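Can you build the whole structure from these sequences, using the hints too?
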Amino acid sequence: NARRLKQPLWRLLGGNNPKVKAYSGNIDLNFPIDKILENATKNIEEDGFKAIKMRLGRETLKEDLQRVESVRNHIGDNIELMADANEAWRLDQAIKASNLLSEFNLTWLEEPITPDDFSGYNLLKLKGSTPIAAGENLHTLQEFQQLISNKGVDFPEPDFTTCGGITPFMKIAALAEANNLPVMSHGAHDVHIQILGGCSNAAYIEVHAFGIEDYISHPMEMENGFGVASDRYGIGFDFDFDKLKKFEVD
Numbered sequence: 001n002a003r004r005l006k007q008p009l010w011r012l013l014g015g016n017n018p019k020v021k022a023y024s025g026n027i028d029l030n031f032p033i034d035k036i037l038e039n040a041t042k043n044i045e046e047d048g049f050k051a052i053k054m055r056l057g058r059e060t061l062k063e064d065l066q067r068v069e070s071v072r073n074h075i076g077d078n079i080e081l082m083a084d085a086n087e088a089w090r091l092d093q094a095i096k097a098s099n100l101l102s103e104f105n106l107t108w109l110e111e112p113i114t115p116d117d118f119s120g121y122n123l124l125k126l127k128g129s130t131p132i133a134a135g136e137n138l139h140t141l142q143e144f145q146q147l148i149s150n151k152g153v154d155f156p157e158p159d160f161t162t163c164g165g166i167t168p169f170m171k172i173a174a175l176a177e178a179n180n181l182p183v184m185s186h187g188a189h190d191v192h193i194q195i196l197g198g199c200s201n202a203a204y205i206e207v208h209a210f211g212i213e214d215y216i217s218h219p220m221e222m223e224n225g226f227g228v229a230s231d232r233y234g235i236g237f238d239f240d241f242d243k244l245k246k247f248e249v250d
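If you count the sequence shown from 1, position 106 lands on 106 in this note's numbering, and the numbers rise without skipping.
Be careful, since some hints might not be right.
Unchecked claim - Okay, derived cross-link-like pairs now, DMTMM-like style, lysine to aspartate or glutamate, Cα gap no bigger than 25 Å in a straight line: (1) Lys19 / Asp77; (2) Lys151 / Asp92; (3) Lys50 / Asp231; (4) Lys127 / Glu80.
Since the hints were made in silico from the structure, they are not lab data. Small disclaimer: the values here were computed from a predicted structure and weren't measured.
This is the structure in structure tokens:
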């Protein structure tokens, strides 16, 4: 218990580095392109991000490619761009998309096929040209073992809220490191910053569009494009239960 020991969680978990590169995990699949570009400008100029993510999975791949091209041209080459397809494609479609997207220098293409198609991810890596992120919909260490042993991922992406908690997350991070891979997170950034701060192979933290900053005492702080794990004891914040009362159920 980090609070009982009067330590921030990130130090108790290994104390590697309190700063982790952050990216804005936008939920924008159904936005018109003008709104996506406007939001990208806000991400960069107002929020301080140096990396942003957009969503793919429109009716045609041609439209997806046009939208990625528009965003890349808008933000330039010095801002990292990721794309998340949210399981939108068959394997053959994902391979085609991976190759056509390569000209836009994406940091990764995220979860383009169903999450537990481990052999499919292997083929996607072999035949595609864009690095692959996956794992937000995997729930056990053994599933990550299958994904990684099949050489199907460049950026493993566990979520402590769905993979069993902090201890399994750290085991997945160690598994990734043993295979010379980084680790990053999905959602719940106010807690994940503390977990990733303890991981020697932490690469990115997703700052999710659906946050809890309105209901906690100390939301995660940003500094020059990096999320920063605080030195407050435990996970670094308290819940505001007065604000949460309206969600209470019998």
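Inset, instruction - Determine which of the earlier numbered hints do not hold for this structure and return their numbers in increasing order. - result: No numbers; nothing is violated.
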